[in-house]
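Residues -20 to -1, 1 to 304 (mature numbering (1 follows the signal peptide of the UniProt record, and there is no 0)) are what the sequence shown spells out, left to right.
Quick caveat, the hints were computed from the structure, so don't treat them as lab data.
It is possible that part of the hints are untrue.
[Unchecked claim] Listed below are the simulated DSBU-like cross-link pairs for lysine-lysine, each with C-alpha atoms no more than 30 Å apart in a straight line:
| hint | residue 1 | residue 2 |
| --- | --- | --- |
| 1 | 17 | 7 |
| 2 | 46 | 66 |
| 3 | 7 | 99 |
| 4 | 7 | 39 |
| 5 | 74 | 152 |
| 6 | 17 | 39 |
All values reported here derive from a predicted model rather than from experimental measurement.
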Amino acid sequence: MSPSAGGLVVFLLSVQVIQSQDGWRVKYHQTDVCAAKGSTVFIICDITHPPGIYYSDIKDRFWFTKEKDGEPVDLKTDSEYSGRVKYGCYSDSKRCYLTITDVRESDSAEYKFTFMTNKPGEKYTGSPGVTLSVTGLQVQVRRSDSTWLELTCHSSCVLSGHPEYYWYKNEKYIETGSSFPVSSGSTDRYSCYLTGYWNQRSPAVYGPQRPSVSVSPSAEMLEGDSVTLTCSADANPAASYTWYKEHEDSPRASGQIFTITDFTAEHSGNYYCEAQNEMGRSNSTLLLITESAVDRTTMIIHITRWTLVFVNPILLLVFRLWTR
């Protein structure tokens, strides 16, 4: 069954039968479940008893995913599922169910049904259980040709039924379908929704915004020094970076960080970075890196001169006081 208007997902496809000892049998109605994040999952199993035994002989039953000290932990006592789990059996006790609301990606696990009988120490678990995979949505970007991209709404597992996806551009609905074409270099933001789960959508994909560039320690350099340029741009998918010097066609470096070592006059000039991802590209503003007007030798002379101006009177005063 496909998701209903209320968001309930019911899985009644393949059947998995677990033959336990003493003739007890647990039959799950599906062994693999894929659910959208935020939806409700409904898992069902049937119990068959051996001849001469009755369902009234079952005294305790519950669902679990974890064990502690070798014993199953009741889902209702697990704080991660607080307020989201409901289970029980129908009037004839042959069919039992588990309902998990507002499923999260952390709920992805194997769920098993276990029960005990009136006979001391006698307990049974339907194993292997039902594997639940909870998926969010992601937009995959693929280049169709030099001018067009294909966006696809993607989930990490195959959702049951025939899911329908809605596409939004800059928060406004534009189209329905699992994929959507856009022109290369678009500056818009695109995201997709799964019908019936409006609070769950994919992160938006978009080209790089204008990058910002920082410089350390300073854009005014002394010969022989080192300077580090860092480029950063908001983009999804994440951007790659290339560094250029103005009026040069060949890049100077690639990567988010560009370091110039042993600075010389030849390095002086305007620099910029280009941020690029599958959606497009964007350049930063120009950053001027220059050689300081004061070279290192001159700076040492100035430092020495000022040191003598301030330190010598102090030394002279100390000497006079000491010789009194």
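For a C-alpha distance cap of 30 Å, please report whether residue 74 and residue 152 respect it. Not satisfied, since the Cα-Cα distance of roughly 49 Å exceeds 30 Å.
Mind checking the alpha carbons of residue 7 and residue 39 for me, to see if they're no more than 30 Å apart? OK: residue 7 and residue 39 at ~19 Å, within 30 Å.
Holds or violated: residue 46 and residue 66, Cα atoms, limit 30 Å. holds, 17 Å
Would the hint linking residue 17 and residue 39 be met if the CA-CA limit is 30 Å? violated, 34 Å
Holds or violated: residue 7 with residue 99, Cα cutoff 30 Å? This hinted pair holds, its Cα atoms lying about 22 Å apart.
Below or equal to 30 Å on CA atoms is what counts here, so check residue 17 against residue 7. Roughly 26 Å separates the two Cα atoms, so the pair holds.
When each numbered hint is compared with the structure, violations occur for hints 5 and 6.
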